[in-house]
Amino acid sequence: MLKGHAACPGCGATILLRHVLKALGPRTYMVIPASCSSVIAGPYPKSSFAVPLLHMAFAASAAAASGMVEALEKMGRRDVNVVVWAGDGGTVDIGLQALSGAAERGHNILYICYDNEAYMNTGIQKSGSTPPKAWTTTTPTGNPGFKKDMPSIMAAHRVPYVATLNPAYPNDIVKKVEKAASIRGLKYLHAFSPCPPGWRFDASLTVKVARLAVETGVWVLYEVEGGVFRLTGPSKHLLDPSRRKPVEEYLRLQGRFRHLTESDIEELQRMVDENWEKIAQLVEEGK
Amino acid sequence: MSAGRRVLTGNYAAAYAVRAAKPDVISAYPITPQTPIIEKLSEFVDSGELDARFIRVESEHSAMAAVIGASSVGARTYTATSSQGLFYMYEVCWWAAGARLPIVMGVVTRALGPPWSIWSEHSDFYALRDSGWVMYFASSAQEVYDLTLQAYMVAENGDVLLPAMVGWDAFEVSHTYEPVELLDEEEAGSLLPAKGGRVNVLSHEDPASLGNLAYPEDYIRIRYGMRRAMEAAGRVASEAGRRYGEISGRDYSSPLECYRCEDAEVLYVVMGSIVGEAIDAVDRLRGEGVKAGLVRVRLYRPFPYAELGELLGRAGNAIIVNRASRFGGYGALTGDALAAAAEAGARIDYLEVAAGIGGVDVTSDDFVGMYKMFRAGRRGTVWWMR
Amino acid sequence: MSEVFARPQIGAVGAGSWRTERPVVDGSKCILCGLCWLYCPDAVVEIDERVVIDYDYCKGCGICAQVCPVKAIEMVRER
Chain S
164 MLKGHAACPG
174 CGATILLRHV
184 LKALGPRTYM
194 VIPASCSSVI
204 AGPYPKSSFA
214 VPLLHMAFAA
224 SAAAASGMVE
234 ALEKMGRRDV
244 NVVVWAGDGG
254 TVDIGLQALS
264 GAAERGHNIL
274 YICYDNEAYM
284 NTGIQKSGST
294 PPKAWTTTTP
304 TGNPGFKKDM
314 PSIMAAHRVP
324 YVATLNPAYP
334 NDIVKKVEKA
344 ASIRGLKYLH
354 AFSPCPPGWR
364 FDASLTVKVA
374 RLAVETGVWV
384 LYEVEGGVFR
394 LTGPSKHLLD
404 PSRRKPVEEY
414 LRLQGRFRHL
424 TESDIEELQR
434 MVDENWEKIA
444 QLVEEGK
Chain B
2 MSAGRRVLTG
12 NYAAAYAVRA
22 AKPDVISAYP
32 ITPQTPIIEK
42 LSEFVDSGEL
52 DARFIRVESE
62 HSAMAAVIGA
72 SSVGARTYTA
82 TSSQGLFYMY
92 EVCWWAAGAR
102 LPIVMGVVTR
112 ALGPPWSIWS
122 EHSDFYALRD
132 SGWVMYFASS
142 AQEVYDLTLQ
152 AYMVAENGDV
162 LLPAMVGWDA
172 FEVSHTYEPV
182 ELLDEEEAGS
192 LLPAKGGRVN
202 VLSHEDPASL
212 GNLAYPEDYI
222 RIRYGMRRAM
232 EAAGRVASEA
242 GRRYGEISGR
252 DYSSPLECYR
262 CEDAEVLYVV
272 MGSIVGEAID
282 AVDRLRGEGV
292 KAGLVRVRLY
302 RPFPYAELGE
312 LLGRAGNAII
322 VNRASRFGGY
332 GALTGDALAA
342 AAEAGARIDY
352 LEVAAGIGGV
362 DVTSDDFVGM
372 YKMFRAGRRG
382 TVWWMR
Chain W
119 MSEVFARPQI
129 GAVGAGSWRT
139 ERPVVDGSKC
149 ILCGLCWLYC
159 PDAVVEIDER
169 VVIDYDYCKG
179 CGICAQVCPV
189 KAIEMVRER
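Chains as they are written, first to last, in the numbering used here: chain S, 164 to 450; chain B, 2 to 387; chain W, 119 to 197.
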């Protein structure tokens, strides 16, 4: 990731990218569908990515990566990483079909979804990954939908490795990226990507928002390796609800949740707590 | 020089040609009437006769995306589809051309729904005419075989580097058996450029990006590069067709097939397998003293305006048969034919006929009937209904 | 033909002109922990003997100042 890229100030995705690309190294081929990163990559004839990169139509990143990795292997280049770097819209909505197909076929690719929880590149419209009640330009009174649980969907495809990432925890990122790169098959990483203009917070607070997401239990750091669920990083210690900060601390920093009522916040807190009960069960099963 | 004759359908002929071309990656999604192509290719791959990766994608959009991904890193590729499938992959077809990737695709032409139809029509084929794809149309299983190999020769040529497609009629060609002369696989391979010689290949040894955002002044320069490539493709296709003829005995140096067209006073302009019936009609009319002839377009893009314009200018009269529904305007082939005449400075009398739509058979009686209509003064557009 | 390729280049855009504030490091407070380097989205922080910021491409987001554990970085209005 080269300096002088075109991301907004404080972009969470570029913090992620720096650490992901460093962990992967130069023998890495990227496929990027229509997304913020298509623009962050810089205008022709310059590129902010010092790796070979194929820009691709919105729905097709996983399919393009499938073809790319098969070609590279056929031509004798097996010791390289083929990585999709896609936004949430291009993964859970329009890109879901291609990703599902690629996962079922089991190509040796690393698919990373950087989730800024809306269609940010086109101006903050709701996606299937927008959390409930969040403001977006197409849900101006709050999102009536729920957030698709993409890592679980990928785990249900029986891929060898699924994990979540968060830019506030770079060590966790590097460990998981290195582990994923060492496994053959389709590896899915879902990364929390705070967006200052889209979530309505000051650009200096990106890391703080990311950290609070984990500390409140809203964003869970975990991996599913060979079907076995395991919490990682600080999330390991958050099974006890008293150790989780109240969700309100995370919500209150973001203008996209400013319109929430007391009962809205209680509901979101309940949803987080219920999710953790399910996690507790998964942790038990994983033992 | 020939590896022998086999009795093949048009679809199987495509599969044999692809086998001879030795692609690295094939990706396809099933759709009637394309399926036998990919079934035969799967057999070749599983038996080891064809050393290629076959990606059984979950949609046509993904099929084209997969071969784009493969081609971008230097692989030779193939895909095939039809009608609804072609239109599902439509945006990525334009992507392939803009990315200057020499992908080869077979399109078994089929009418579009609703209402559902599985029979032949050229509407799907025509819809790609502005995309930057080199476009051939075969009229027989032999031509499917020959043109598929030539498609690789043209697409991968360093002056071209555009994707190339071969279209052929559903069922009438795709599923109809005829004897096909195959090339010796070594010779077929020697006609194609060596693999690994392409310059525009993504590699970690020399990182670059393909497809970045481009501001308007840069965008137009990049697209103009495609224009120049397409202009070169006409010359390259002719040379490829000539070389192909030297090896096979079947010359393809002309983008057109001319039947009794040299001294014709009225020309049928056709594309695809209906040419067989049109040839019969020409012979019948000649028997009645009418100086009929026909021109079949075999290379549709880049369109042979100069060659067709000259023939139309000499004849002065044309019956242009579009095998496509077209609403609110002239058919694609008509537009190109009239532009050819205009460029040649020729004023021609013409009748456009929309025939064979939805797979309706077009017989030599129909062709003769079209001529009679024309002679009786009918002009403009006629939809040939049964 | 490589005309369709874009090449890697530092400074694909002149991002330094975007900012309204710039981070200023107080070397006497800085403990060289590296957190500013770790979290800078624009990779403009370099640490050798001291923290150096590439103001050609710093967008002034303020993350470095926010994460600094000893408050050694102050965001100063650009004139």
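Honestly, the hints are just simulated from the structure, not real lab data. Among these hints, one or two may not hold up.
Cross-link-like lysine-lysine pairs, in silico, DSBU-like; alpha carbons within 30 Å at most [said to hold, decoys possible]:
#1 408(S) x 189(W)
#2 338(S) x 189(W)
#3 147(W) x 399(S)
#4 189(W) x 371(S)
#5 237(S) x 292(B)
#6 147(W) x 185(S)
#7 342(S) x 310(S)
#8 196(B) x 237(S)
Hints, one by one, checked against the model:
1. 408(S) x 189(W): holds, 24 Å
2. 338(S) x 189(W): holds, 29 Å
3. 147(W) x 399(S): violated, 34 Å
4. 189(W) x 371(S): Measuring from Cα to Cα gives roughly 15 Å; hence the hint holds.
5. 237(S) x 292(B): violated, 56 Å
6. 147(W) x 185(S): Holds: residue 147(W) and residue 185(S) sit about 29 Å apart, inside 30 Å.
7. 342(S) x 310(S): holds, 27 Å
8. 196(B) x 237(S): holds, 13 Å
Violated hints for the displayed structure, listed by number in ascending order: 3, 5.
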